[in-house]
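If you're matching them up, the sequences are chains A and B in order. The opening residue of the first sequence carries number 0 in numbering that gives the first Met the number 0; numbering runs sequentially from there. The opening residue of the second sequence carries number 0 in numbering that gives the first Met the number 0; numbering runs sequentially from there.
Quick caveat, the hints were computed from the structure, so don't treat them as lab data.
Restricting the straight-line Cα-Cα distance to at most 20 Å, the calculated cross-link-like pairs of lysine-lysine (PhoX-like) are:
#: 1; chain 1: B; residue 1: 126; chain 2: B; residue 2: 143
#: 2; chain 1: A; residue 1: 14; chain 2: B; residue 2: 143
#: 3; chain 1: B; residue 1: 11; chain 2: B; residue 2: 21
#: 4; chain 1: B; residue 1: 200; chain 2: B; residue 2: 143
#: 5; chain 1: B; residue 1: 21; chain 2: A; residue 2: 98
#: 6; chain 1: B; residue 1: 126; chain 2: A; residue 2: 14
#: 7; chain 1: B; residue 1: 31; chain 2: B; residue 2: 21
#: 8; chain 1: B; residue 1: 11; chain 2: A; residue 2: 98
#: 9; chain 1: B; residue 1: 31; chain 2: A; residue 2: 82
#: 10; chain 1: B; residue 1: 143; chain 2: B; residue 2: 153
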Amino acid sequence: MNGIHDLGGMHGLGKILHTPDEPVFRSEWEGRVFAMLLSVNGVGHVNTDEFRHSMERMEPAQYLSVSYYEHWLHGLETLLYEKGIIAVADLDAKLAQIKGNDACQ
Amino acid sequence: MTSHEHDHDHTKPPSELELRVKALESLLVERKIVEAAALDAIVDAYENKIGPRNGAAVVARAWVDPDYKVRLFADSTAAIAELGFSGLQGEDLAVVENTPAVHNMIVCTLCSCYPWPTLGLPPSWYKAAPYRSRVVIDPRGVLKELGLDVPADKEVRVWDSTAEVRYMVLPERPSGTDGWTEAQLMELITRDSMIGAGLTKSPVKAQ
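All chains, full assembly: derive it from the sequences and hints.
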């Protein structure tokens with residue numbers, strides 16, 4: 000399916016930022032997102048094809064502007080909502096709770 | 000995560016993104032959809048166990064054992080599993096061989112498919128738009144940008160990975176390594192040489 004993810008042959012996307020070596024995960028949150036996706040995939044909540052599709056449906060400007068594991072987070076959240084495993088309001092409430100806790104520390 | 004809620008560095012406030020991921024994990028743990036310990040184990044495996052050392056072992060074996068090399072091209076997935084490497088994103092692996100006449104390189108134009116069991120998770124530039132977009136229209140230009148000048152009379156082949164088939168490159172064995180053990184040879188085999196984005200290390204410098 001055509002979409003912004005189908006990048007082969009596009010022009011003007013900039014210089015390759017090659018790194019001879021780099022950490023597997025650049026921040027702890029990247030590893031947690033990776034592991035959460037593998038977990039829900041492993042037990043059958045989400046399959047690999049629908050996960051790819053969830054990222055391919057991202058809004059094009061957003062797709063090109065955010066980091067790799069933000070694509071994963073977007074895809075993971077989208078599928079959890081669409082499948083009714085969690086609701087947007089659940090995550091919002093949890094986020095508010097965590098922010099409240101952080102403010103008290 | 001609960002065990003270290005109070006021993007992290009408080010000098011920098013967590014970003015919105017970090018908090019969001021933390022909230023998502025807490026929610027999924029509460030709902031018993033994921034287990035924090037299982038997430039820890041996955042992160043540990045990909046940070047410390049599954050990486051390009053695995054691929055280097057495959058390459059070194061293929062260099063020293065002609066029978067293994069035959070098996071590697073007959074059924075790459077099975078031959079790689081012989082060395083104990085299999086699993087996610089390695090269900091169907093294909094090895095492509097560099098020769099004096101051909102230089103191979105791999106990409107995933109659609110996303111980030113990569114042979115996890117042999118190379119681990121891909122580096123950031125492999126997953127980013129510039130490499131994915133350009134390598135299929137200007138591979139020589141990309142190689143030059145990466146510091147590799149491929150002679151005009153050498154063919155360059157680009158393999159676009161899919162969710163089904165993941166490629167890795169068998170680099171050419173460097174000359175001057177006759178009689179080297181597999182362990183010695185492995186030291187010459189870089190991640191980039193198995194992507195086709197670089198060469199093996201020089202045996203002179205390595206010794």
